[in-house]
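Engineer: Here's the letter readout for the chains.
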Amino acid sequence: MTRKTFFKESKELFRDGRVRITMIIVALLMGVSIWISARQYQNINEQYKVAKTSERVIWDSQGEKNPHSAAHYGTYAFKPKYPLSLVDQGVDKYAGTSIFLEAHKRNEAQFSAASDQTGLARFGDLTPDFMLLFMMPLIIILLGYNSFTKENEMGTLTLLKSQGISSWKWVLGKWAALFLPILILTTALFMVAGLILSNLKDFGVFDWSSLLWMYLIYTTYYIIFVNLILFISAKTKKSGISLVVSLSLWILSCLAIPKAASNIAEERYPYPTRQEFAANVLKDKKQGLDGHNPWSKEAKLLKENVLAEHGVDSLHKLPFNFDAYRMQKGEEHEAEIYFKHYNYLKDQFAKQSKVYKGMAVFSPYLPTRFMSMAIAHTDYGTHWDFSDAAENYRIATQKFLNDDFAENSAYGNWGYRADANFWKQLPAFKYSPPKLDTILSQNFSNLSILSYWLIGSFALLLFIKKM
Amino acid sequence: MITIQNLTKKYNGQIALDQLNLKVNKGEIYCLLGANGAGKTTTINLLLGFIEPTSGSALINNLNVFEKAKETKKFLAYIPENLMLYPSLTAIENLDYFSGIAGKRLSKESLISFLKEAGLQENAFENRITAFSKGMRQKVGIAIALAKDARVLLLDEPTSGLDPKASNEFGQLLHNLSQKGVATLMATHDLFRAKEVATHIGIMKDGQLKEEFIASDISLHGLEKTYLSTMNYKEVEL
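As they're listed, the protein sequences go chains A and B.
Quick note on numbering: the first sequence equals residues 1 to 467 in the numbering used here.
Quick note on numbering: the second sequence equals residues 1 to 238 in the numbering used here.
All clues given are correct.
Here are the simulated SDA-like cross-link-like pairs (lysine to any residue), alpha carbons at most 20 Å apart as the crow flies:
#1 Lys74/B - Asn25/B
#2 Lys4/A - Arg128/B
#3 Lys169/A - Lys70/B
#4 Lys134/B - Leu160/A
#5 Lys70/B - Leu157/A
#6 Lys238/A - Pro87/B
#7 Lys74/B - Thr2/A
#8 Lys11/A - Asn127/B
#9 Lys11/A - Ile92/B
#10 Lys150/A - Ser167/A
#11 Lys70/B - Leu160/A
#12 Lys150/A - Ser88/B
Hints were generated in silico from the structure; no laboratory data involved.
All chains should be modelled from the sequences, with the hints used to inform the complete structure.
Structural biologist: This is how it looks when you write it as structure tokens:
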């Protein structure tokens, strides 16, 4: 009976011209979105490669120079575009692609793609994640809203009942017929994405297991929607009502609740404004050592401590350049300040994430979105991770430069110049995003919520007693 | 095959069926006549298990309809006034699906033979139901009953809206089924068709079975007269 119902429903669906046209349009849109994303991925990675190489060449060919001048001259940490961003672009567009690394200052990522776009960008982009997160649930609604109501409206329900239909097998047949086209479209999209990614140059950290996990997450998301739409169809008497209720569910789940979650999170755990943040950092910086100011109270104290430690009475008698030493100590103090304030931002971000996770109880969209972005390395978590890695590299670079200045020159010798080959000794910035198992364990709560949604939606199906 | 004993159904205290007793044996065609609201459809719905009785019992093939709903459905087929099938499926596909629901796995040849036996013209077998007339849909309904090998047939106004030819063909089909031993209970307004096909006729009013005849014992005119007087209608002189 399940098989018969499945084939009957599938025939009805595919013989419906509207459904055929919709499926063709969706398949085309998916193809176009993948093609656009693949082009973007290639272009950005080419730019990344060029920028990374040329920036390193510029750094390496500074010639003879004072290391502290080089520290102010600075360099860049570039964020690569990760392969699965082809499927989910996440916050990449808004998060910035490079961080300028210089002395005394931790900079934010800049040159976001969104800042290069016109106001038309507000309409959103045609990306695979848009298709997967928003359009596919709509397709499920289109295909399934009248799954049960039509039997009542067409009058076939009485004949089915008189034939002694088993409600459970009937529901299962309808479930399979609704889920199959969605599964085919999703599988096709992920297969194409996987094939494109495995054939692209510089495909970085792409691995099939991440893609498979993403596929499983989206499949679960669709199963939840299929269950909910069938439940609504079974519990409403008319197709029109079923459609309205289903669309309301979509609006709530995919649009309203995520927006509300964002507003609630921002309201409860606000980030400081840019001005406040800068003022707070400056205030804390002033309370500590300024590497450039030898006359400050902190610098004098440092000088006394260092002299005492080395048992000498003059900075000239120290075995290193105290100016460089002081600047390094200033850097360490400033880095501490930055970590303190950025940790506060991260803390707020973590609290906001908790609000989102709480709201995910009302919307399967939220855990799916977070999981998808995390696996694609396009979430804020990965961006923070990259930002911290860049900061650690900045601190290490400053130490590398200050140490050379301190070890190879004497106190007061601001004319010291490092050898032209010295710059090449600085290791290149390397960043590895979190591995899949780390991401999964970090997103355990999202996985759990999605699982609860899955179990809950199947439980709803059990309540269908239309017969 | 069908035994109804003291069957009563009340809706919010309002009596729809009042202590009905009725029996339809193997090969018999029992026509229930009556005006709208007489309780004919309620009787059929009770036999189908679509509604619960207030009291009384109904047996199909000696199984209580209300206790063994699933089992009794194996023996019966139902054709409502407006048999609705899936419009985007062909006659064969509809027959295949509804037979499948009843647990029958039939080859295409068997499905075709049932449609032939039900009298559907062969060039319509592969056509979608959307273009079918009511008479053609009723024939598919009969094919569904044949495919199910139903021993009991419940019909609710099956000939209303059919043209005389289609109605006559339908009557012939019922006769054929009766020859095979199928017990038929048909609710109808059509006195002429009832007289034509029935072996037994009952007249219902206000949920009660007021009159019961063996069809061959009464003429069409006599049936009409009895019906009108039971309904308290005046016979109009022509």
